[in-house]
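Using the hints provided, position chain B relative to the given structure of chain A.
If you want the building blocks of each chain, they are given just below.
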Amino acid sequence: MASSRDDFIIAIRSAFLKKSTQQKFSLLTLFLISAFIILLSSLDLKIIRYLKIGINEVVYRSSFVVSIPENFIKNTFFEVSEYTTFFKDYKKNEQELNQLKSNYVSSQIIQSENRELKELINDYVSSSDKILAKIIVDHESPFLKSIIINKGSKDNIKIGTNIYDQSYLVGRVIEVNYKTARVLLLSDLNSNVPVTIAPQNIQAIITGDGNNQGQIKYIKDGFSDEINQESIIYTSGTGAIFKSGIPIGRLSILKDNLASRFNVEFYSDFSQLKYVFADVITKTETQTLNNAELDSNVSGGTPMNAKLKILEDELEIIEQTNLKFIKENESLKSEINKLENEIVDFKNEIFLKKEKIKQYDIDKEELTFLRLNLEYGHKCRKSFFNNKGYSVGSTMYKKCVMSKGRKN
Amino acid sequence: MVNFKTKSSFLKLYSWLPIIFLFISVLNEFDFNYLNLEYFSFNFPYILIFYFTLKDFKNFDYFLVFMAGLVNDTVVGLPLGLSSFSYILICIATSYLRNITIRPHPIKDWFYFLFIISLINSINYSVLMLFFSYNIILIDYLINNFFTFLFYLVFVYLFNQYLRGLND
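Top to bottom, those sequences are chains A and B.
Add 82 to the 1-based position in the first sequence for the working numbering, that's all there is to it.
Add 616 to the 1-based position in the second sequence for the working numbering, that's all there is to it.
The shape of chain B in the complex, shown without the other chains:
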């Protein structure tokens, strides 16, 4: 009985892992920037949100994603609401893709992901430049965009393994 209870709570925790990872990543800015590699940065939350909202994962609550955006803005020092806006846009995009797709294909998803993150980064860049007068280097955004796009496949593989483990 006790064993069953422990197993059940472990399973519950396991099923909440994506959202826990999302909060850890926004609080921790998990992107290896401290390595000081000059032309390297990627946005892990984008990949995570895109993948799990596309899969319509049951414990991936939009409201929690929205909250994670607020936390990210606070940690990074961006205007409040900007990351939430970006994350919700990803959720909308994935929801739309889900609605129009009959036969999902990972490569199509991958390029759709590129389109979406490019669009969101463009919006972010424009909002920060035009409304908040931030000085940002465009090339940094492009590099971030590119590596986020590249890393998507690696994380998709890992997330697939995670989902397989959950189903088993």
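Looking at chain A on its own, in the form it has when it is part of the complex:
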């Protein structure tokens, strides 16, 4: 028993410490170094970050060079498969292009409106420049979904920069080097995006499923019934991680026996990406604020004074607006009085007209009676020969005349 334990210890010690003639380091040394590096990476020290950026720059470039043959084969494979459906795709694309052209015009109008509105409510306008970036490494790890682009901090790329394929969201930057950056794709398990589901306008969070799809991770109870197949998903902009209104994909509902699963089919095919657009945002102060700042600078005031001046200006604007409202109010009141008088006049006129109409009706009835009296008066008048008649002037006589004589 003791002997076998000794053998085990000797074998382990030999495995760890014994160096062959061609080995420069013992395995124990390398084991400890790698454990130490893991520890340092978890601490996220500044020096390690810079070291990592240096390694990344070299490795990404090398990886790009080494991947050229494989990428060539891969691209050839995809190109050949694309040619088989070339004409069909062309027709479909032509139709889509026409549709998109019309959509583009309305989109431009909406964008300019949006910009104007943002200028009104914000103290800055965010102007974004989309810069084209080439994907230098896109090895799809089975565990992590990310790509490397050839733009880095040199090109104003920052952590969180939104990355697009045409106008569709692809992911965001999670690691920035000097000339390269790593983009976490939406299909990664660690990606969480706040979204709006249209047209129901439901807020949700989507996450990657580790393959090429996404799934709805969080949705408020009760709202899931309202969602239907083919709902469109776009970013809500909540949390200011992603810009709002960027299209992501379409919803597809998978119904299991017990519950429904909401998957997201991304508009963009992440395995086919060659170039992407990085949305570099620069914030510029609006003209109003610039003027205010300019004034404060001219008067040599402090930021507090500048704020007070802005508040005073706001107060003045509010007072002016109030005065305007009061004047408008007075003119409206006088107009209401005038209209009320007109209504009274009209009422009087209507009453007079009604009286006239009534008189006319009476006259008309009287005329009819007189006409009928000439014709049927003898039938209704009481006389020696007509005992059943009525005395002239009585109500019954009038009734008898109007009904053209007595009815037996």
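Think of the hints as simulated: they come from the structure by calculation, not from any bench.
Even for Gly, the Cβ is constructed at its ideal location relative to N, Cα and C.
Mixed in with the good hints, there may be bad ones.
Coverage of chain A stretches by chain B, computed from C-beta distances (three or more under 8 Å per stretch; other residues unrestricted) [to be verified]:
#: 1; segment: 111-119
#: 2; segment: 134-144
#: 3; segment: 148-156
#: 4; segment: 257-271
On the chain A side, residues computed to face chain B include the following (Cβ under 10 Å) [what the hints assert, rightly or not]:
#: 5; residue: Phe90
#: 6; residue: Phe107
#: 7; residue: Ile230
#: 8; residue: Leu405
Straight line, CA to CA, 30 Å or less: simulated DSS-like cross-link-like pairs of lysine-lysine [as the list claims (entries may be wrong)]:
#: 9; chain 1: A; residue 1: Lys156; chain 2: A; residue 2: Lys128
#: 10; chain 1: A; residue 1: Lys356; chain 2: A; residue 2: Lys170
#: 11; chain 1: A; residue 1: Lys481; chain 2: A; residue 2: Lys446
#: 12; chain 1: A; residue 1: Lys302; chain 2: B; residue 2: Lys674
#: 13; chain 1: A; residue 1: Lys481; chain 2: A; residue 2: Lys436
#: 14; chain 1: B; residue 1: Lys674; chain 2: B; residue 2: Lys724
#: 15; chain 1: B; residue 1: Lys674; chain 2: A; residue 2: Lys106
#: 16; chain 1: A; residue 1: Lys409; chain 2: A; residue 2: Lys435
#: 17; chain 1: B; residue 1: Lys724; chain 2: A; residue 2: Lys486
#: 18; chain 1: A; residue 1: Lys481; chain 2: A; residue 2: Lys435
#: 19; chain 1: A; residue 1: Lys183; chain 2: A; residue 2: Lys173
#: 20; chain 1: B; residue 1: Lys628; chain 2: A; residue 2: Lys106
Using the frame of chain A, we list chain B on its own:
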């Protein structure tokens, strides 16, 4: 004389092929993932390292294996040092197996390989989940483990051919 020199440099390059393949595979992530086969992935570096360290191949330097691990971490986006740690663990395991084995048998090596890659993948999974808060699907790791195990025999055959060519 020139012919002999060319032959010698070719032989030198040939003898460094495993380590060159290791670096190409970590830089290139050579695992057919772009085919988008849903339940398919394997870890070629594990097979390569296990085989050549088990054979105690003279040009298969542990330090270069360690460096290959760092490169792999950078390419894949894993925390720096994790792949190096895994590769060095394989080297330790093979070194131990070499020490305790009197009569090597390919099938025993194969199952020992399964045990080692399962252990390493478990460590990787735990480290990524516990210390770095990565979200990883366990089933993907199991599939990767399974296919790496299956492909081992295929690559062993190819590597044996390579070694035979070197000896000839």
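Could you tell me which of the hints above the structure violates, numbers in ascending order?
Failing hints, ascending: 8, 9, 12, 16 and 17.
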